[in-house]
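Use the sequences and the hints to build the structure in full.
Going down the list, the sequences are from chains A and B.
Heads up: the first sequence at position 10 corresponds to 39 in this note's numbering, and the numbers run straight through without jumps.
Heads up: the second sequence at position 73 corresponds to 85 in this note's numbering, and the numbers run straight through without jumps.
The set of hints was computed from the structure by calculation and includes no laboratory data.
No false leads were slipped in.
Every beta carbon over 12 Å from chain B, so not counted as near; a handful from chain A, in silico:
1) Phe41
2) Arg50
3) Ala72
4) Val117
5) Met131
6) Asp140
7) Pro142
Here are some chain A residues pointing at chain B (derived, C-beta under 8 Å):
8) Met80
9) Thr81
10) Ala84
11) Val89
12) Leu93
13) Val158
14) Leu166
15) Ala167
16) Tyr172
17) Thr174
18) Thr178
19) Ile189
Residues of chain A placed beyond 10 Å of chain B at every Cβ, according to the derived structure:
20) Val55
21) Ser103
22) Lys111
23) Met152
Glycine included, C-beta positions come from ideal geometry on N, C-alpha and C.
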Amino acid sequence: MIIDILLVLMAFTVLILVRIRHLFTVVVLSGIYSFLMATVLLALDAVDVAMTEAAVGAGVSTVLLLGALHLCKSEEARPAHKPWIPLVVSVSTAALLIYGAMGLPDFADPDAPIHHHVVPRYMQNETDVPNVVTAVLASFRGYDTLGETTVVFTAGAGVIALLRRRRKPDLGTDGK
Amino acid sequence: MKHDLVLRVIGKLLIPYILLFALYVQFHGDFGPGGGFQAGVIFAAGIVFYALIFGLENARQVLPDWLVETMLSSGVLIYAGVGLAGLFLGGNYLDYFVLDPNPVHGQHRGIFWVEAGVAITVCGVMLKIFYMFASRGRSE
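Printed below as a string of structure tokens:
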């Protein structure tokens, strides 16, 4: 019930987001969208993901977007062409995804295939860590998380490589 | 926002608790919700909050650029180092059971260091990106 209300609110947010051209409003609205998403995840009992969504989506990325907005114009330019091709692509992708989602097992169905593959072994919990999410992330799937951490590191290194000022080596300033 | 008295007072009151909450999420991640990624982001958000209220230069004195860049790479190295430690102790790469004579304690030790590595890298990356964006366009 609460999830339905939140999803309707999210749909409204997206519709306003599409219409509006003032970029500050867009940034604030996408922060609100992330908070609604975090609440949906909380209602689905996925507290770990909800925490990440609230901290990254609504918190840090809003600040980063505001920082980027500080550097450019605050009004979105009018598109030069009618957006028919992107519209067709996104609507048909959405239709495919909805069609695919109809074939999924019911939410929280204990007989779903995913609960019979590796989950029984995870639930035996040989790591003795009460939070199964942490056990899966850090121990059972340690390789995946190592890869993810490397991806985060690579993203940071890429931003440094792109944005670092190529300043002449003048003495006295610490902007290397 | 440097001269807003209400913001400064509220910020001073809140920031220690944000950082404390990040540490709680980090070290209590085995028992409750949370873990390295969330803790790193929350810690970075606390510092970003500080930078927004008290100015970027003050934040850079708390966590200077060289430290943030070291965090960026050392987290991944800590994570990979846990894997190597498993190799040297006679197990597979990222095998935590061999890290302690008691296999369950070994798991706890491995997860602790791996989560620490994730938190350090994530916090470093978030802060570095924020620093780079926020410091652009100031001197022009």
